[in-house]
Structures are given as C-alpha cells and as structure tokens.
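Trainee: As given, the protein sequences belong to chains A and B, one line each in that order.
Position one of the first sequence corresponds to residue 1 (my numbering), numbered consecutively onward.
Position one of the second sequence corresponds to residue 357 (my numbering), numbered consecutively onward.
For the record, the hints were derived by calculation from the structure and aren't laboratory data.
It cannot be assumed that every hint is accurate.
Pairs of lysine-lysine, DSSO-like flavour, derived with a Cα cap of 30 Å [claimed, not checked]:
no. : chain 1 : residue 1 : chain 2 : residue 2
1   : B       : LYS570    : A       : LYS216
2   : A       : LYS203    : B       : LYS581
3   : B       : LYS584    : A       : LYS216
4   : A       : LYS203    : B       : LYS571
5   : B       : LYS468    : A       : LYS153
6   : A       : LYS190    : B       : LYS389
7   : B       : LYS389    : A       : LYS203
8   : B       : LYS468    : A       : LYS203
9   : B       : LYS468    : A       : LYS190
10  : A       : LYS190    : B       : LYS581
11  : A       : LYS203    : B       : LYS600
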Amino acid sequence: MKDLQLMKGNEALAEAAIRAGCDAYFGYPITPQSEVLEYLSREAENRTGMVVLQAESEIASINMVYGAAGTGKKVMTSSSSPGMSLMQEGISYIACAELPCLLVNVNRGGPGLGTIQPGQSDYFQSVKGGGHGDYRLIVLAPATVQEMADFVKLGFELAFQYRNPVLILTDGALGQMMEKVDLFPQQERKFEILDWALTGKVKERNHNIITSLNLKAEEMEIINIHLQKKYKEIEKNEIRYEAIDCDDADYLIVAYGLVARICTKAAHLAREKGIKVGVLRPISLFPYPYEIINKLSDQVKSILDVEMSAGQMVEDVRLAVNGKIPVKFYGRMGGVVPGPEEILKAIEEKLVGGAA
Amino acid sequence: MNEKALIDDEHFEHTLRCEHAEIISPENIVYEKPGTLLDVDMHYCPGCGHGVVHRILAEVIDEMGIQSDVIGVAPVGCSVLAYNYLNIDFSEAAHGRASAAATGIKRVLPEKYVFSYQGDGDLAAIGTGETIHTCNRGENILILFINNGIYGMTGGQMAPTTLPGMKSTTSPFGRDVATMGNPLKITELVALLPGTYYVTRQSVHKPNNVRKTKKAIQKAFELQKDNKGTCFIEIVSNCPSNWKMTPIESNHWLEENMLPYYPLGDIKLPNGRN
Ligand SMILES: Cc1ncc(C[n+]2csc(CCOP(=O)(O)OP(=O)(O)O)c2C)c(N)n1
Ligand code: SF4
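Generate the whole structure from the sequences, applying the supplied hints.
Mentor: In structure tokens form, the structure reads like this:
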C-alpha cells in the first residue's frame with residue numbers, strides 16, 4: 001500500500017494502527033467509527049498478525065484491552081460516545097493499574113443515544129476523568145485526517161513512556177471525511193518483555209500482578225500520590241498546541257479538533273474585514289495549554305471559545321485567563337457543525353461589539 | 357505447653373523442630389505446601405472453600421510444571437486477593453469482567469495457560485454477558501467458577517445462585533422465586549454452547565471431592581493445549597461466614613441443600629461425550 005493516500009479519517013487511523021505495530025484491537029461497532037473495526041478486520045491480520053476481535057459489547061472490549069495491555073503488548077480500542085460511556089469503568093481500572101493502551105473516541109452528538117453527527121460534548125468525560133476516582137488520560141485532539149494517523153503513533157509512544165492510557169478525542173466529521181494523508185512507514189511488531197508485565201512468572205523475578213486494588217487507605221493514597229506525580233510530569237512535558245496568526249492578534253479564538261479549522265477560516269474572514277483574530281488550537285486536551293492562553297490574554301482584548309457542545313472546554317479557557325479579560329462562548333449542539341460565517345458573526349457580536 | 361508459648365510463633369516452631377526433627381525428614385514427607393502457593397496467611401474465613409481450591413490449583417500447576425506459563429485472572433469477590441497467594445503472574449479484573457480480561461490475555465499470548473477464577477455473583481450476575489460470550493467464542497481458557505450461592509465479599513447478599521427459600525441479607529425471609537427469580541444454573545447453560553469443550557461440576561467439601569476437583573483442573577489445563585474451546589469447572593462451595601454456620605455445619609448444609617439443586621458430575625466431555 002502506498003504511503004500517500006486519499007482516506008477517510010477512521011480508515012487512516014486504522015491503517016496507522018497496523019503501521020504502528022499494534023498487537024491487538026478489541027472493539028464493538030458504533031457509528032460514526034465502525035470503519036475502524038471493519039478496516040482492521042479485513043486488513044490487519046494478514047499483514048502483521050495483529051489480533052482483531054469484535055467483542056460482544058464495549059464493556060467486554062475495554063476489559064479485553066485491560067487484559068491484553070497487562071501483557072505489555074500494544075493494544076487499542078475505539079468507540080463513539082455511548083460506547084465510551086460503557087467503557088469508563090474499565091478505563092478507570094486501566095488508569096489505576098497504569099497500563100499503556102490507546103483509546104479512540106469518535107465523538108457524536110449526545111446526550112443519550114443522541115445523533116450520529118459529530119459532537120464535542122464528551123470533553124468533560126475525556127479530560128476530567130470520566131470513570132470513578134482521581135485519574136487522567138493523555139488526550140490528543142486531531143484536526144486533520146493526517147493527524148488522525150499521526151496521533152496513533154504518538155499515542156502509543158506516550159502510552160508506553162508514561163504507562164498511561166492515551167485517548168484520541170476526535171469527532172464524527174473527522175472520522176468520516178476524506179483527505180490526503182501521508183502515512184508513516186510500517187513499523188515492526190516487536191514484543192519487548194517489560195519488567196512489570198504478565199508474561200509468565202520465570203525464576204528470575206517475582207510474580208507480576210496487575211491490579212488497581214489496595215484495601216488499606218494509606219497505601220491507596222500512596223498509589224494516588226504516585227499517579228498525581230505522574231500527571232504533573234505529563235503536564236510539564238507533553239503540552240501541545242498550534243498557534244495560528246496569534247502574533248499580532250487583537251482577539252483570540254480557542255477551539256480544538258475540526259472546529260479549530262473552521263475557526264481558522266472564520267479568522268481569515270475577520271482579517272479581511274480588518275479584525276485581527278488569531279486561533280489557538282489545543283492539541284493535547286490533557287495536559288491543557290493553560291500557560292500559552294494565559295500569556296495571550298495579556299495581548300488580546302477578549303477570547304471566544306468555540307465548541308460543538310454547550311461549553312465544556314470554555315471552563316479551562318477561563319481558568320487559563322484567570323479573569324484578566326472577557327471569555328465568550330459560542331457553541332452548537334446535538335451534532336450541528338458551526339460554519340465560518342456564523343463564527344464570524346459571533347466574533348463581531350461577542351468580541352468586537354460586546355467586549356465588556 | 358503454656359498459653360504464652362502457644363502464641364509465641366518462634367518458640368512454637370523451635371519446639372516443633374526439636375520434637376519432630378526426625379519425623380520431618382525428606383523421605384517421610386507425604387504432604388507439603390505447593391511451591392506455587394506463597395507462604396503467607398490467607399484472608400479467607402476458616403473452612404471456606406476458596407482456600408482449598410487455591411491449594412489444589414497450586415498443586416496442579418506444580419505437578420504440571422507450568423508455573424512460568426500460566427496467567428490467572430480473578431475479579432471482584434472474596435477471591436480478589438488470589439494473587440497474594442498464588443505465585444504466578446496474575447491480573448485482578450473488574451467485577452464480572454474476568455473472562456473478557458482473560459480473553460485479552462489469551463489472544464495476545466496464545467501459548468500461555470490462562471484461567472479466570474470467579475464467584476457466582478461475579479460470573480452469573482454482573483458478568484453473565486462476558487461469561488456466555490467467552491464460552492460461545494470458545495476462548496481457549498479455563499473458567500473456574502466458585503459457586504457458594506451467595507455474595508461473600510459484600511456480606512451475604514442474594515446471588516443468582518441463591519437457593520429458593522435460602523436466607524440472605526437481601527432476601528431476609530428466604531429467596532422467593534415469584535419475586536426474586538430462580539437460581540441460575542449457568543453451568544448447564546454454558547454447556548449448551550458449542551464453544552465449551554469440557555464442562556463439569558465438582559465440590560471441595562470432602563476429601564474425595566477435593567481429589568476429583570483437582571483431577572478436573574488438571575484435565576482442563578491439559579485440554580487447553582488442544583485449543584478446542586473453553587473449559588468450565590463449577591465448584592460448589594460454602595460460605596460459612598455468610599451462611600452463619602460452622603465450617604462443618606456448612607459442609608453438611610451444602611450436601612443436603614446445594615447438591616440436589618447443583619448435582620455434581622461431568623456435564624460435557626471432550627469429543628461430544630456427556
Ligand atoms: C461494579 C461493581 N459492583 C459491585 C461491586 C461490589 N461487590 C464486590 S464483591 C461482590 C459480590 C461477589 O460475590 P461472588 O462473586 O459470589 O464472590 P464471593 O465473594 O462469594 O467469593 C459485589 C457485589 C463491585 N466491586 N463492583
Ligand atoms: S465470606 Fe464466605 S466466601 Fe468469603 S472468605 Fe468468608 S467464607 Fe469464604
């Protein structure tokens with residue numbers, strides 16, 4: 001298969017999983033991401049021997065991931081909003097047991113069964129925990145089909161570096177749309193024996209245990225302190241963002257994923273009208289680029305946060321700005337994708353017009 | 357021996373060593389702790405079947421010499437700490453999800469012997485879906501199912517396997533099948549599935565039954581090499597604490613009440629014999 005392809009986001013992601021040397025995928029169909037399981041079912045095993053298994057539910061999928069990730073292999077699953085909700089219990093266990101794995105949420109409009117159209121309303125669930133207990137995922141938000149592929153590789157690297165689950169948070173539009181993608185070359189599937197992993201107890205070491213249990217409060221607290229330290233480390237090292245036309249901007253839009261691309265178009269339209277707008281696109285949603293947004297808030301007059309939700313990330317933008325300047329919000333819900341013109345209107349009304 | 361000496365471990369062991377030095381010589385030993393069983397105190401209540409099953413499991417692993425090739429999974433329930441006692445690589449799993457986790461392990465490490473160790477609340481209630489589908493796929497794992505007819509760990513609530521009329525903290529007047537449903541014979545159910553290869557029901561309440569259960573476990577591990585499907589062993593067990601009985605009473609009760617409902621014996625044998 002050629003490296004340069006015209007591909008659907010979901011297929012680029014699946015192809016990237018094969019090329020990243022993924023060992024196993026466990027999943028359950030849900031629109032708008034079923035192509036991942038479909039693509040892997042026909043492409044993966046013959047090419048690399050990767051295990052692909054359709055589970056009976058998302059609950060089973062995530063627990064298969066938990067089991068397989070405990071062996072130190074490269075393991076992943078993908079789903080969309082209602083399916084991700086079912087996985088939250090398992091994700092909490094995986095986070096506590098510190099297992100590396102890759103999760104993908106192709107977000108659709110909720111709540112409930114909702115719609116199969118794109119959404120960003122799983123932000124809270126993705127970056128603030130989602131399951132029970134104090135834990136974090138590393139969350140990456142692609143904005144292009146190219147990044148859908150690239151973040152698979154990056155995601156696995158980060159997952160193993162920090163022994164932490166990594167989530168690619170994308171949406172139904174990016175999953176379904178076709179774009180040119182330059183695929184990285186096939187990586188070898190090599191099995192490294194990791195000292196903590198379940199590989200069979202050999203004489204040379206004690207038995208390895210994968211668990212998230214500690215019945216003693218003080219010891220469970222130590223585990224929590226360790227996890228929090230790790231998250232601090234991640235916050236120090238892994239913040240990623242893209243700053244578009246921010247240097248001379250008077251106003252700033254903060255948006256992630258596909259919406260950031262639409263906002264970039266809106267910012268161009270604004271500049272044509274003489275309004276200097278920049279776009280800050282957080283790429284990592286955890287860790288969040290608070291610092292750069294705070295810095296930019298010394299320069300711009302006000303900020304507009306745009307999301308396909310009722311306003312979830314806007315809370316993080318406000319935290320970053322810390323009251324220095326007004327932070328406005330514009331959002332569409334239920335699977336509606338905002339267009340550049342309406343965002344331009346929001347810029348004019350909420351930022352330029354009503355900067356108070 | 358005075359009372360103080362009895363509770364003084366060191367003194368006790370010393371006395372034991374002096375008095376029995378001649379008896380405890382290698383050629384006289386007929387009963388030993390299996391190497392796969394770690395030398396730590398167990399948290400199980402006195403007389404509980406979990407401890408016995410752990411021991412025979414360890415014996416089988418020792419005798420088959422597969423300690424470095426076996427991976428266990430135990431989810432939530434009294435056996436959640438099984439990894440503290442069995443000296444093999446081990447994963448704890450979420451309540452009910454052991455067979456899914458075991459599937460994940462077996463799929464990426466097909467050469468290993470993989471087993472799950474689950475209670476009835478775990479396997480037949482919250483994990484029914486995972487259990488049935490794992491068996492239906494015919495995952496090449498061993499499922500050890502400890503049926504004590506009750507939720508042990510959480511303090512004696514009704515399980516799907518609780519007998520009609522049996523009291524529990526959530527069926528304080530006895531299980532009324534009209535409102536609480538019937539006991540679930542999940543072992544018979546999974547035996548119907550083409551994915552299961554060897555399905556048997558055993559117990560550990562008497563020495564003879566312990567020996568039979570041990571043989572069944574060994575057979576299941578041996579069959580796992582054939583890659584022909586799921587081996588499923590139900591072990592009818594007791595929960596003296598939550599049944600509110602002494603260990604001996606609980607074993608009698610088990611024989612008189614549990615076994616008529618959950619009859620012992622093979623339900624499905626390899627090669628279609630049953
Ligand atoms: C999701 C979830 N629900 C409930 C519990 C509480 N819980 C722990 S053990 C248990 C029942 C275990 O009973 P069983 O599987 O029969 O095992 P036993 O303790 O009898 O050996 C329950 C309900 C839990 N840990 N997780
Ligand atoms: S509560 Fe019951 S099942 Fe649990 S250890 Fe005690 S006797 Fe065994």
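Trainee: Give a verdict on every hint.
Mentor: Going through the hints against the structure:
For the hint linking B/LYS570 to A/LYS216, the alpha-carbon distance of about 34 Å lies beyond 30 Å, and the restraint is violated. Restraint check for A/LYS203 and B/LYS581: the C-alpha separation of about 23 Å stays at or below 30 Å, so the hint holds. For the given pair, B/LYS584 sits about 42 Å from A/LYS216 by alpha-carbon distance, which is inconsistent with the 30 Å threshold. About 26 Å separates the Cα atoms of A/LYS203 and B/LYS571, which keeps this hinted pair within 30 Å; it holds.
Under the criterion of a C-alpha separation no larger than 30 Å, the hint pairing B/LYS468 with A/LYS153 is consistent with the structure, at around 28 Å. At most 30 Å may separate the alpha-carbon atoms for a hinted pair to count; A/LYS190 and B/LYS389 exceed this at roughly 39 Å. Distance restraint check for B/LYS389 and A/LYS203: the Cα-Cα separation of roughly 18 Å lies within the 30 Å cut-off, and the hinted pair is therefore satisfied. The straight-line distance between the Cα atoms of B/LYS468 and A/LYS203 is roughly 16 Å, inside the 30 Å bound, and the hint therefore holds.
Between the alpha carbons of B/LYS468 and A/LYS190 the distance comes to roughly 18 Å, so the proposed pair stays at or under 30 Å and holds. With a CA separation close to 25 Å, the supplied pair A/LYS190 and B/LYS581 stays within the 30 Å bound. This hinted pair does not check out: A/LYS203 and B/LYS600 have alpha carbons roughly 42 Å apart, beyond 30 Å.
Consistency with the previously given hints fails for numbers 1, 3, 6 and 11, ordered from lowest to highest.
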